[in-house]
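Since chain A is already given, all that's left is putting chains B, C, D, E and F on it; use the hints.
Chains as they are written, first to last, in the UniProt record's numbering: chain A, 1 to 264; chain B, 1 to 264; chain C, 1 to 264; chain D, 1 to 264; chain E, 1 to 264; chain F, 1 to 264.
Just so you know, the hints here were simulated from the structure itself, not pulled from any lab data. Be aware that a few hints might be false.
Because identical chains cannot be distinguished in the list, a pair is counted as satisfied if it fits within a single copy or across any two copies.
Claimed, not checked - In silico SDA-like links for lysine to any residue, alpha-carbon gap of 25 Å or less:
1. 151 <-> 120
2. 263 <-> 188
3. 234 <-> 166
4. 246 <-> 100
5. 2 <-> 98
6. 263 <-> 83
7. 151 <-> 261
8. 246 <-> 33
9. 2 <-> 242
10. 151 <-> 82
11. 246 <-> 169
12. 263 <-> 150
13. 2 <-> 41
14. 263 <-> 51
There are 6 protein chains.
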Amino acid sequence: MKRLLITGAAGALGRALRPRLALLAETIRLGDIAPADVTGPNEEWMHCDLAEPWAVDAMVAGCDGIVHLGGISVERPFDEVVTGNIVGLYNLYEAARAHGLPRIIFASSNHTIGYYPQTDRLGPDAPFRPDGLYGVSKCFGESLARLYFDKFGQEAALVRIGSCTTEPMDHRMLSTWFSHGDFASLIEAAFRSPVLGCPVIWGVSANDSCWWDNSHLTWLGWRAKDNAEAWREKIETNAAKPTPDKSMARFQGGAFTDNPIFKE
Amino acid sequence: MKRLLITGAAGALGRALRPRLALLAETIRLGDIAPADVTGPNEEWMHCDLAEPWAVDAMVAGCDGIVHLGGISVERPFDEVVTGNIVGLYNLYEAARAHGLPRIIFASSNHTIGYYPQTDRLGPDAPFRPDGLYGVSKCFGESLARLYFDKFGQEAALVRIGSCTTEPMDHRMLSTWFSHGDFASLIEAAFRSPVLGCPVIWGVSANDSCWWDNSHLTWLGWRAKDNAEAWREKIETNAAKPTPDKSMARFQGGAFTDNPIFKE
Amino acid sequence: MKRLLITGAAGALGRALRPRLALLAETIRLGDIAPADVTGPNEEWMHCDLAEPWAVDAMVAGCDGIVHLGGISVERPFDEVVTGNIVGLYNLYEAARAHGLPRIIFASSNHTIGYYPQTDRLGPDAPFRPDGLYGVSKCFGESLARLYFDKFGQEAALVRIGSCTTEPMDHRMLSTWFSHGDFASLIEAAFRSPVLGCPVIWGVSANDSCWWDNSHLTWLGWRAKDNAEAWREKIETNAAKPTPDKSMARFQGGAFTDNPIFKE
Amino acid sequence: MKRLLITGAAGALGRALRPRLALLAETIRLGDIAPADVTGPNEEWMHCDLAEPWAVDAMVAGCDGIVHLGGISVERPFDEVVTGNIVGLYNLYEAARAHGLPRIIFASSNHTIGYYPQTDRLGPDAPFRPDGLYGVSKCFGESLARLYFDKFGQEAALVRIGSCTTEPMDHRMLSTWFSHGDFASLIEAAFRSPVLGCPVIWGVSANDSCWWDNSHLTWLGWRAKDNAEAWREKIETNAAKPTPDKSMARFQGGAFTDNPIFKE
Amino acid sequence: MKRLLITGAAGALGRALRPRLALLAETIRLGDIAPADVTGPNEEWMHCDLAEPWAVDAMVAGCDGIVHLGGISVERPFDEVVTGNIVGLYNLYEAARAHGLPRIIFASSNHTIGYYPQTDRLGPDAPFRPDGLYGVSKCFGESLARLYFDKFGQEAALVRIGSCTTEPMDHRMLSTWFSHGDFASLIEAAFRSPVLGCPVIWGVSANDSCWWDNSHLTWLGWRAKDNAEAWREKIETNAAKPTPDKSMARFQGGAFTDNPIFKE
Amino acid sequence: MKRLLITGAAGALGRALRPRLALLAETIRLGDIAPADVTGPNEEWMHCDLAEPWAVDAMVAGCDGIVHLGGISVERPFDEVVTGNIVGLYNLYEAARAHGLPRIIFASSNHTIGYYPQTDRLGPDAPFRPDGLYGVSKCFGESLARLYFDKFGQEAALVRIGSCTTEPMDHRMLSTWFSHGDFASLIEAAFRSPVLGCPVIWGVSANDSCWWDNSHLTWLGWRAKDNAEAWREKIETNAAKPTPDKSMARFQGGAFTDNPIFKE
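Bound conformation, chain A alone (with noise of 0.2 Å):
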């Protein structure tokens, strides 16, 4: 690609995956409302509030890739939610489609599945369970982008990433550690792929306990590597098992099914 277009950069998850990702392009645009350091030889900063239309606009011309991590990643009040994950999604969309329709991938979340008890095993058709206002705006966000699919043929992958860290830290992610490696593979393989259409996405590496199944991906030719498995003696020395009636045990989503509808 010429320029490979990264929303959220600035963010946590922004800066562990573009190293990984410096080659898929000559160069790599890091938008965020934040700045950006720019660390990378082939790295330009761009300023963007993913709420001004005229601003993701200017920011997504001359890109010919997307992977938009930016907006709100965690419970937050809703009007905040609204602004950041709705109205700037669609902003998003507005302009990748006066764009070129550039491959997009989506930063969704395992927050739109939330309330299924961790004993499930999804696929990628099962009916949304969102445990919060974050995860309702993710809900909103795969149904906006499957609509532009369906009318425009706009490609993307919606990634319902599960805890993506250096590391898996607790029991639950056991079952949802994401590694870096495996979404920069993910990110790498979805690019490459002649055909991507607009397929739901488990973002999880190989984890022997995983609960989601992406059978359905084999076509993609993508396979996670790392399993979280490798950790659990360190998981199971250093952090508290919890009690089988916490929601960290109970559900897919974990402790953000205890959160309350957010106001300020």
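Same frame as chain A, now just chains B, C, D, E and F:
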């Protein structure tokens, strides 16, 4: 019931349903941003802009059932959709939560799945394929409803209305027609049932050529009684038959799939 | 048939069915541990304690069809359940094997699946979820029946009876009611069919709010004719409507789920 | 339609259907290798040997709809099956492709799945289990039809005819009977529908003991009206009931499963 | 755990597992009707006849986990099966209920589904098809376990053991073998998991030709490590290959399907 | 085996497989219409035109296993397809029936389902969607094979070969490649298994991006060992990547979907 709230009561659907629901409660509260003619002996009107949390709260207070027909019901610019169907629905749900979780009949839409071809038969778990921003807002609404059910036990019937008119008027409506009588008997059954949960319900009559499968719903004890087939001859005489390449003959959402993304 | 055996013939269900089955055979043998009034011209009574192998053998000898209503039909202490429904059923099957494998109609029960919520719709392959020791004994019975079919070709209809009474009497029975007429016509169809195999059959009338799906059974040519809906008004007038937290409104097995493990 | 072609028009099925289809087109062309009595005012006969490409081409020219009943319809030696149903069908499809892709009603057969036991209930996607060379030739035909639909957009209804006779005459036909009236109304619905695609359709009336499931087809707006059950008493009086070991009681294809591979 | 109870500890399977489970608890209580050699430093033996409620109660008291291997494990006369596996299991469950619901690992069996052909692949919800009275008693056991889970929350792993031996010894065991190591790691995972519920688990190693599908179980974080394939050459050299008509080549339960109903 | 017949032995696939199958039988009979170099010490050549029943009969006589690679393997005019793959297969099956039903490995093809999009994952029961006349002839072949299995018990493995070459050479073959080694080990497993039946088997290696699901086949004890992924770098360097609108990127059958109906 003591008091049943009907939002959007001044609209076409509200006016058609009101006489049929009059016996369900001692008082029928008609909520709308526009004035609603108070015609029934037990009706009362209350002005309400769904975008104002305090107004919604006042409208919901004292009601033990809600038929939510309010908001945008056609394709409109995105900011109107956000205000009426996203912020507005959040306000309604927060008000219901504050006032004892009265059961809600939520007017969702077939436009949540409008991009499926007419040769598909859908059950309630088919993934969303909205056919416009209006449809996406209803996907948001169903997701929010599911969240409040899982988190707070708020019961609701998510009624994906087909074409709710006095009679079917074109070829597509031979499949999608939902008679006023069948909608009214569904609302009655949903309030009557000891348990409701949060089911997706296809709002459609017992049409010979119906695309949607309500067989998951037999526990409710509701059966549609009307059948659009009775109007076939009249329609075939009066309405132009769509050619196979037209959206009216291809997609379940019909001409909505032709809509552009609406901008004013 | 020459001789049809009805076990448990002195019980309420036996008495209700006998006149309706009189034409199925030249002689109707009434088997029961209690005396059964011989009222029909072609009826004969035979005393039998199901716990005694020799008594069961004598009762079965010479019969070319069996309607097995005998044994325990309510929650009772475990030793009674073992004697009547576990040892008793084994004795019946051994006797049938010794006497030419006469076709068996086995009165199983909805209490084999009583813990499913009322909002589920079940087909014949749903795993067991019994609601008491009585229900467990019927799970045993269905398993034994399947064994004798696979090993010896013993055909049987495993009829999971809902609520077989003169008329439906409470809200749950709007879903579970099985009219005497429909049971009788099912028995006739099961004996008439050239091949029976060993199917699970939901013993339920054509109620609007039925939870159970007999669509796997169309080959049998049997259709229930009655519908509990005809009694709704009477029930809604006379019977207390269960609140949503009550087992009568939550579980398919109704109040059986409230039963303790019975000890005398 | 201007001109509707009925092949095999001189056969029993052709003769029964012709009066019922007379209003579908201005001219009804009767194609057959045998002379067909021209009885209707708008009928014309055209001689055609399906094995001759040029003859088939001439017969198809000028028609805007085809009801293909021609070819072999019983078990015959393999070379006859190849000529009539394999080469013949290829010729018909090539002619249709050359003349504007007129919609085709293809008389397939229950003998494509005749080896399924009668206790199975089949949907349209059950893998083939033909019961003879005739059945295999219809598997070929459905496969060829699907190819021409995917490659050229040739629409066709693949009607797996059960037993299309004036009335049901044996126990198996209580399940498989397809009345002439229901076949005619199906043909009308298939030509009327704006879109047809290439669906498998079970050609069977609304028999109580039907084995086949047309519920995928509700979009077509066709419902069978007749029911073989009305003849049960007559059949049980006049026809010998098959014993359970007989193919007429075991397999959906009935006695066809007993046929040897036919050699002359 | 403080104290883990292993019933049937004097049997072959008990002796094989004991050293592998020694670290799971401070004390390992060995329950059996036969004397069990106390060989481990933290083992204690307790005599128990499962048919005696008071004896079972005493054995269970003070244990916070149970591995239930006791009872009949081969085909035996019905009265022995009733005593050991039906009354005995009821006694065990009543004792567990009286003593705080310690988690149970229940040794169920592949003989609950032994009549399925070897060419079927089974998930946990396949209906029972037991291959003998022993198998029926395990169907009873799984049903009782489900009852106590639904009614009282008693958690249990229902392990359908294949062939748990030191190494696989015949062709069928290439599919059914369950290594001692894999069983021990499964038991550890079942006690370790914060939530267990009442799942059916196929007790089988990671054999290339395994018939059973544990993919519903990924949340448990257990993976079998051994593979019978490593013994194929040895088996093909030493064991007679069954001909296709033999039960060892036809049914999942193997030679158990040949057993008569056992009488002494 | 005493004698294994390989038809089409002079073709590319035949030549590649022969050395790998040499140990399966004392004698390897090479059947082909073209001369086959006899290179192995236990090979014998026999000329055979599949269109001649007597020649096929002579070739099959005395063989106790058949690997049927003969016939047309690319798109050709319809009369050649009929002769080689329809009449020829019938002749082979009739010969096998006359000579004791030796087990058959039938080289079917992915072109039976070539019109499915590459984003679908198929199991063995997906309805046929052939991509040409060659593909249709293989649909015929699988249907005929199923008939002879149901009617006569003729066992066969219906191997839908992907791309059986020395190494994968383009992007599509990263999904479809079937190594010679994996095909040989599959043949060995199919002859080794006590029971074979008549399964559909995807002939494909363990490629990361495989579209086809063999999980129904675990009872066979066969696992593919090779993985096309090892050649990805080489392919991405040497082969042009198809654009998303090309059949090579859209359909499972690849460029076969572009073929016209072949006429000479």
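Hint check:
Only between protomers do residue 151 and residue 120 lie at most 25 Å apart by alpha-carbon distance; the minimum there is 18 Å, versus 33 Å within a single protomer. In this assembly of identical chains, the alpha carbons of residue 263 and residue 188 never lie at most 25 Å apart, being 39 Å within a copy and 35 Å across copies at closest. For the homomeric pair residue 234 and residue 166, the shortest alpha-carbon distance inside one copy (14 Å) is at most 25 Å, but the shortest distance between copies (32 Å) is not. Taking identical chains as interchangeable, the C-alpha atoms of residue 246 and residue 100 lie at most 25 Å apart only when they sit on different chains, with a minimum of 19 Å there against 47 Å within one chain.
Taking the closest pair of Cα atoms, residue 2 and residue 98 come within 25 Å of each other only inside a single copy of the chain (18 Å); across copies the shortest separation is 47 Å, beyond that limit. Taking the shortest Cα distances, residue 263 and residue 83 sit within 25 Å of each other both inside one copy (15 Å) and across copies (19 Å). For the homomeric pair residue 151 and residue 261, the shortest alpha-carbon distance between copies (9 Å) is at most 25 Å, but the shortest distance inside one copy (34 Å) is not. For the identical chains of this complex, residue 246 and residue 33 are neighbours neither inside a copy (36 Å) nor across copies (40 Å), given an alpha-carbon limit of 25 Å.
Taking CA atoms no more than 25 Å apart as the test, residue 2 paired with residue 242 passes between copies only; the shortest distance there is 19 Å, against 47 Å inside one copy. Proximity of residue 151 to residue 82 under the C-alpha cut-off of 25 Å is found in both arrangements, the shortest distances being 23 Å within a copy and 20 Å between copies. Taking identical chains as interchangeable, the C-alpha atoms of residue 246 and residue 169 lie at most 25 Å apart only when both belong to the same chain, with a minimum of 17 Å there against 41 Å between chains. Taking the shortest alpha-carbon separations for residue 263 and residue 150, only the inter-copy value of 19 Å comes in at or below 25 Å, while the best intra-copy value is 36 Å.
For a Cα distance limit of 25 Å, the shortest separation of residue 2 from residue 41 inside one copy, 14 Å, qualifies, whereas the shortest one across copies, 59 Å, does not. In this assembly of identical chains, the alpha carbons of residue 263 and residue 51 lie at most 25 Å apart whether taken from the same copy (20 Å) or from different copies (17 Å).
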